[in-house]
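Colleague: Make one complex out of these two single chains by using the hints.
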Amino acid sequence: KNEVEQSPQNLTAQEGEFITINCSYSVGISALHWLQQHPGGGIVSLFMLSSGKKKHGRLIATINIQEKHSSLHITASHPRDSAVYICAVAGNQFYFGTGTSLTVIP
Amino acid sequence: EAGVAQSPRYKIIEKRQSVAFWCNPISGHATLYWYQQILGQGPKLLIQFQNNGVVDDSQLPKDRFSAERLKGVDSTLKIQPAKLEDSAVYLCASSSRGRNTEAFFGQGTRLTVV
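Chains Y and A, in that order, are what the protein sequence lines are. No gaps in the numbering here: position 95 of the first sequence is 95 in the working numbering, and each next residue is one more. No gaps in the numbering here: position 83 of the second sequence is 189 in the working numbering, and each next residue is one more.
If you are wondering where the hints come from, they were derived from the structure by calculation, not from laboratory data. Backbone N, C-alpha and C define an ideal beta-carbon position, used for all residues, glycine too. Don't take every hint at face value.
Selected chain A positions facing chain Y (in silico; Cβ < 7 Å) [claimed, not checked]: (1) Ala136; (2) Gly148; (3) Arg205; (4) Gly214.
In isolation and in its complexed conformation, chain A is listed as follows (with noise of 0.2 Å):
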């Protein structure tokens, strides 16, 4: 079974630029979860999708974070602009049904903000 893709897996870009970050969660997974993680934190939720809808976007800086998951399927995360508290790894996860259910994360994609 192919798990969670990410990419890119590193990304370096100066302050103020934009940045995309793209996941193809695991075949039939309904639930998508996009993270942030600052090194030696552990990691926040930044949103999840059910299908194609938000079922949570509390901790997302909407002035500056955006994520859309048009089909139901993969998704994409933007950054724009990016400031340098950005730089942190941004893991997508998915799983079956939800919380309750075993969520099976990326490798991640570590962005760092110069």
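Chain Y with its partners taken away, still in its complex shape (with noise of 0.2 Å):
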């Protein structure tokens, strides 16, 4: 069992649906990382955050210690949004979650 599951794997939505992706990890942290990866190309790093909420343009995390889950939302969502979307956990090591595939669709 992986320490971090992520869920969707696979989603597809059009061009202004509200988006939400979720993670749940089951290891001690001290802070929760949402990365952001398009093909071919690097990952960014969206959000640090180790409780409450952060909010970065149309950009949302949330997360909630005590139940282990994190969700990130995306409003409006537009073409240029379609990446794959990486959770990550920090413990005693980094933990990764495999990542949620999105396509937005104009």
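Modeller: Right under this line is the structure:
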């Protein structure tokens, strides 16, 4: 069993839709990272959070430490949001989810 | 601010050959990570440096993989000899003070072993 589970694995949305990607983890952590990886590209850090909620533009990340769960929301999705979104948790080491592949259709 | 620089971007080698990857982290970042990402999987930590010391290399296949960060700045990751299953993207990341600070990733090196 992976220490970090993401859902869904694949997601297709129409432009403008509200998108939610979920991450559950089973280890004790000090921080959780949401990362974005474009095809053929490197990884970009979107958020690092250890409690509550953070917002950057159309992206919102929340974390519930007690439930060991985090969500990444994208409001008013756009085709340029198409990418793989990876949840990573910082415990005694970094644990990564396998990613959620998002495709936003115009 | 310059990001994490990695080279080369792509490399194709035959099995049993050797290969080396280079990473220059963000200036001032004490922590440097090397990850291996096999297609369809999340990244797997190979090694973590704090300055020029190794913090975690528990998942590094030490019989064929080696890494160094001699002056606590840039780093090289070497595979010798390469196997087909080493085909992956090798990502370098850096952070200012370890796992509880934001990590910045390079573009990665895509290695194909044939």
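Colleague: Can you list which hints this structure breaks, lowest number first?
Modeller: Failing hint: just 1.
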